[in-house]
Each structure stands twice: as C-alpha cells, then as structure tokens.
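Turn these sequences into a full structure, and let the hints steer you where they fit.
The listed protein sequences derive, respectively, from chains E and G. For the record, in the first sequence the residue sitting at position 86 is 86 according to full-length UniProt numbering, with numbers rising by one throughout. For the record, in the second sequence the residue sitting at position 33 is 33 according to full-length UniProt numbering, with numbers rising by one throughout.
Treat the hints loosely; a few may be bogus.
[What the hints assert, rightly or not] Computed cross-link-like contacts, SDA-like style, restricted to lysine to any residue with a CA-CA straight-line distance of at most 25 Å:
(1) G/Lys-189 with G/Arg-176
(2) E/Lys-8 with G/Leu-165
(3) E/Lys-8 with G/His-97
(4) G/Lys-189 with G/Arg-270
(5) G/Lys-189 with G/Phe-219
(6) G/Lys-189 with E/Ala-13
(7) G/Lys-189 with E/Phe-14
(8) E/Lys-8 with G/Asn-100
(9) E/Lys-8 with G/Arg-270
(10) E/Lys-8 with G/Arg-178
(11) E/Lys-8 with G/Arg-176
(12) E/Lys-8 with G/Leu-82
(13) G/Lys-189 with E/Asp-11
(14) E/Lys-8 with G/Gly-169
(15) E/Lys-8 with G/Tyr-18
(16) E/Lys-8 with G/Pro-175
(17) G/Lys-189 with E/Tyr-110
(18) E/Lys-8 with G/Leu-174
(19) E/Lys-8 with G/Ser-182
(20) G/Lys-189 with E/Met-200
(21) E/Lys-8 with G/Trp-163
(22) G/Lys-189 with G/Tyr-266
(23) G/Lys-189 with G/Val-179
[Stated by the list, open to error] If you only want the chain G side, here are some residues facing chain E, beta carbon under 7 Å, derived:
(24) Gly-112
(25) Val-124
(26) Ala-250
(27) Leu-261
These aren't lab readings, by the way, just hints derived from the structure by calculation. Don't be surprised by glycine CBs; every beta carbon is placed ideally from N, CA and C.
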Amino acid sequence: MRSRWYGKLGDRAFTALLVGLGLAVMLVAVLLAWELASGGAEAFRTFGFWGFAAGRAWNAVAGQFGAWPFLLGTVITSAAALTLAFLPALAAAIAVAEYAPRWLAEVVAYLIDLLAALPSVVYGLWGIFVLVPLVRDHVEQPLFLWSAEHAPALMGVLGPPTGIGMLSAVLVLALMIVPYASSLARDAIRLVPRDQREAMYALGATRWEVVRRVVLPYARGGIFAGVVLALARAIGETMAVTMLIGNSGQLPYSVFGPAATMASLIANEFAEAEGGLQLASLLAVGFLLLLLSLVVNLIADFILRRMSVGEGRK
Amino acid sequence: MNLRRRYLRDRVMVALVYLGTLLVLLPLGFILLHVFTQGIGALDWAFFTQPPAPPGEGGGGMLPAIVGTFVIDLMALAMGGLLGLGGGVLMAEYPDHPLNRPLRLVANVLGGVPAILMGLFAFVLVVEPMGGFSAFSGAVALAILMIPIIMRATEEVLRILPWELREAGLALGLPRWRVTLSLILPAAKGGIVTGLLLALARAAGEAAPLLFTAFGNPFLSFDPLGPMDSLPLKIYVYAISPYEDWIRQAWGAALLLALLLMVTNYLARRAMRRS
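Printed below as a string of structure tokens:
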C-alpha cells in the first residue's frame, strides 16, 4: 500500500499541486486585467472608450473625465527619457563588455547593477532636493529672465521657473532607466560569440570596426529589445515622476511646465477619490496604462524573436 | 579609407564610449554620494527605536516603518514564493505540460505590468471587500510583483541541471515527485534562493503599490489586517512634507533602504556563487 501512495498517487498529487499553483498564477493575471476593465467600465460607458481615451478635461467637480493629457504626458516623458538615455546606456554597455579591462568592467557593471536596484522613491527624493533647485536656478531662471527682456511672448509658454515639471521628471526618468537599458544591452553584447570577433580582428579590423560591423549587428535584437523594455519601465514608473512632474491635469504645453502621467495621476488621486465616477475613471486610466505597457512589452518580445541572429531565443 | 584615418576613428570612438560611460556613472555616483552624506546624520538611536513625532515637532523615528517593511515584505515573499516556485517548477520539470505555453506568456506579461497597477488590483480585490487598508493587501500587491521574477529564476536554474540527474533518480525507482523534491530542488537551492532574494529586493523598494493598500500608519503595528507603514512609503510622505526634520529623516530612511537592498543583492549573488 505504501508504495502505491508513494509512487502513482504521490505523483498525481504533486502534479495537481503544481498545476494548481500554475493556474493560480494565470488566474491572478487574468483577474488583474478583468478587475481594471470592469472597475473602469462605468467611465468607458459614460464617455465611450475613445471619448474617454481622447477626452481632454479632467475635472472631478464637473464630473468630466478624459485620459488624453495623461496619455500624452506618459508618452512624451518616457520617449524623451529614452532618447536621452539610449546612447549613454549603449556606451556604458560597450565599455563594460568590450573595451574596459576586466577589473574596471567589473566595478562599472557592479555600480550599474547597484543603481538599477535603487528604489524609485530615492530617485524622487534626490530629484526634489538636488535636481529641482539645479534646474530652477541654472536653466529655467536664466531662460525666464532672458525671455522677459527679449521675447515676452515666450513667457506664457515657459511658465514660472519653479523647477518642478516635465524637464526634471524626464531627467530623473532618464537616469533611472539608464542602468536597466545598459545591463540588458551588456547581456546582449556578451552573447556575441568570440570567434566572430576574432575573425574580424584576423582580417585586420580595428576595435571600433569590430564593434560596429560585428558586435552591434549581431546583438541588435537584444539591444533593441532592451531599449523597448526600458521604455516599458519608463511608462510604468510612478514615484519619482509623481514627486517631480507637478501633477497638472492640463495638456502638457511646454517642457518646463507641469504635467502628469497616467501612473502619477493614479498615485496622486486614487487614495482621495470620492468613489463613483472618479474612482471608475481612475481604474479606467489604469486599464489604459495596462494596455499601453502590454503593447510595448509585446513589441519587445517581437523584436527579440525577429531580430536575433543565429538560434536566438525560442 | 587609409590606415591612419581608421586608427584615428578607432581612438575617437573609444574616447566617446568612455565619455558616455562617465556620463552615466557621474550623476548616478552623485546620487549615491548624496544619499549617503545626507542620510548618515539622520541614523541615530531614536531613528531606529521611536515612532514618528507629531507633524512639525521634530524628533521621533522610523520604528513602525522599519518593522512594517519587514512584516509586509515577508508576507509577500511567502505568497509570491509559493506561487512563483510552483509555476517555475511546473515549467522546468514538466516541459510538455499543456499549461506551460500560456503560463510562460502570462509570466512575461505580468513581468511587464507597472507596479502601481498591482496596487490598484489589490485595492479592488482585497481592500474594498475587506472594508479598509491593510498590510495584507499591500503584501498581495507586492507578491504579484514577485511572482514573475521568482518563476523565471526558478525555471532557469532548474533548466541548467543535467537531465541525467533526474534519470539517475528515476532509475533508482524514485517517483517523480521525490526526484523533484529530494534531488532537483536541493541541487538548485542556491539559484532558487538567489531568485527569491532578488524578487524581495525588487519589491522592498516599491512604494507605488502600497499607496492605497498598506497605506501607512504612524503607530507600531503588527496587525496584518490593519494599515501598516513601510520605508518607501515613509520616504515619499516625508519628502513632499514641509517639515525640515521629516525631510532629514526621509534621507535617513533612503540610506537605510538602500543599504538593506545592497545587503539583499549581495546575499543573492553569494547564494548564486555557492551553488
């Protein structure tokens, strides 16, 4: 009797347990999407899906809710942060994986990993007390004074020089995704086989030619996928952005002005939401954020599969 | 292109690559340095042993937040670890199980969901039905954050183990569950612990999912069904407050959190090397 329990029944129970846990994981994911969609259904019903997504007003008192300013804020800040971060991140990856001597590469790689692990709130804290004064006193103030004298028309666009706004948020966001993008690019570059490089050196290529003609083309799938994943991370980044962007429900009108992203809107308003339509609208914004990050992640997956050379990943 | 120009271009590019690296490391090193110098002064005895003082009074400490961080994160690790390990073992040890394809897709998708949405989800799923903010709901949000990380790490380590190990066990007449529990999991222990610790470090720094789940609580609390404080949450609240002493303590909490995460990451690396 013992051997039966031990063998067949034990196996069956164990498999059932694992399958149950796997199903639970899937249930969590499905439920997550479902709860956001059904929680936001009232907003989608009231304004229509496109009416809500493209609605420009967000006014709890008037009962008007539209996600467009936040959608735009999310896309602009994360795209700008990625543009700033891309080349330095790639440079750091090439330095670590190709150029630097071993000890230096290890130190730099360790530092970059450390910074990738630093929490978002810490970046936000640094942003508020170090970056914002810097931006205010050395970028916005001079610009503001200059425009007051020479081009008064610009002043409306610039807004008051507070330092809080999209510029600071974008800068901190760029700093936050650099380590992430860089470590993904580094991993992709390390996967390039040695013989590829050696063949190129044997032909008399310089180091840069090896990087340019062999390493980058070979690793491009991984590098681009990493870039897109970094974009996805920037899209969902909440705390640092919430602390720096100024959280204004208007359409973002200038790089210096305040704005808000979908994530910062939720972080800012959700705990104080009155319930009813406002709560539903916030959940609906959450659903849109989920869709956006899903799309970006799927693009990264697609790139990884289509652009990797050789066997790549299955 | 002649040789000299090629050499010149090579040198210029090396310089540019190093310049770019410096451009990455300088501001980031600056942040670390700033957190350290600003934070070290706030880490006194009261910081670790006192509850927060009333707004504007000065003094007080972070005891509830420190305790809460551990309570919430360990609860999250227990839940996320169970589901993540289960999913990872299923994907690695039963490679042709029909559940694997959708499960892998779900793990990928879940890994890309912004952390704040886990908070929204836990709010709708736990906070609303239970009628109030609670440490438990915060742990649920963080657990969901951990699941894909643990799953991927577990699957990867188990995949590295040679298939002969399983065959040797089966040849001795062991059933598959014994092979998994007594041969595979012990052999992969280091890697699995690494995955758990990395997931823990990732979740422990998150404030966004806790904003409307654990919510924060100025009093020392061990009640998982009541609101509870946590270091990242406290940093956020104090950083945007107008009180100088709170801001000073926010830097202290940032330093403490950074140190805790560094230790966790270090332990994770060491566990990996040992196995």
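### Message
For a quick check of understanding: which of the numbered hints are violated here, in increasing order?
### Response
The structure conflicts with hints 5, 9, 15, 20, although it agrees with all the remaining ones.
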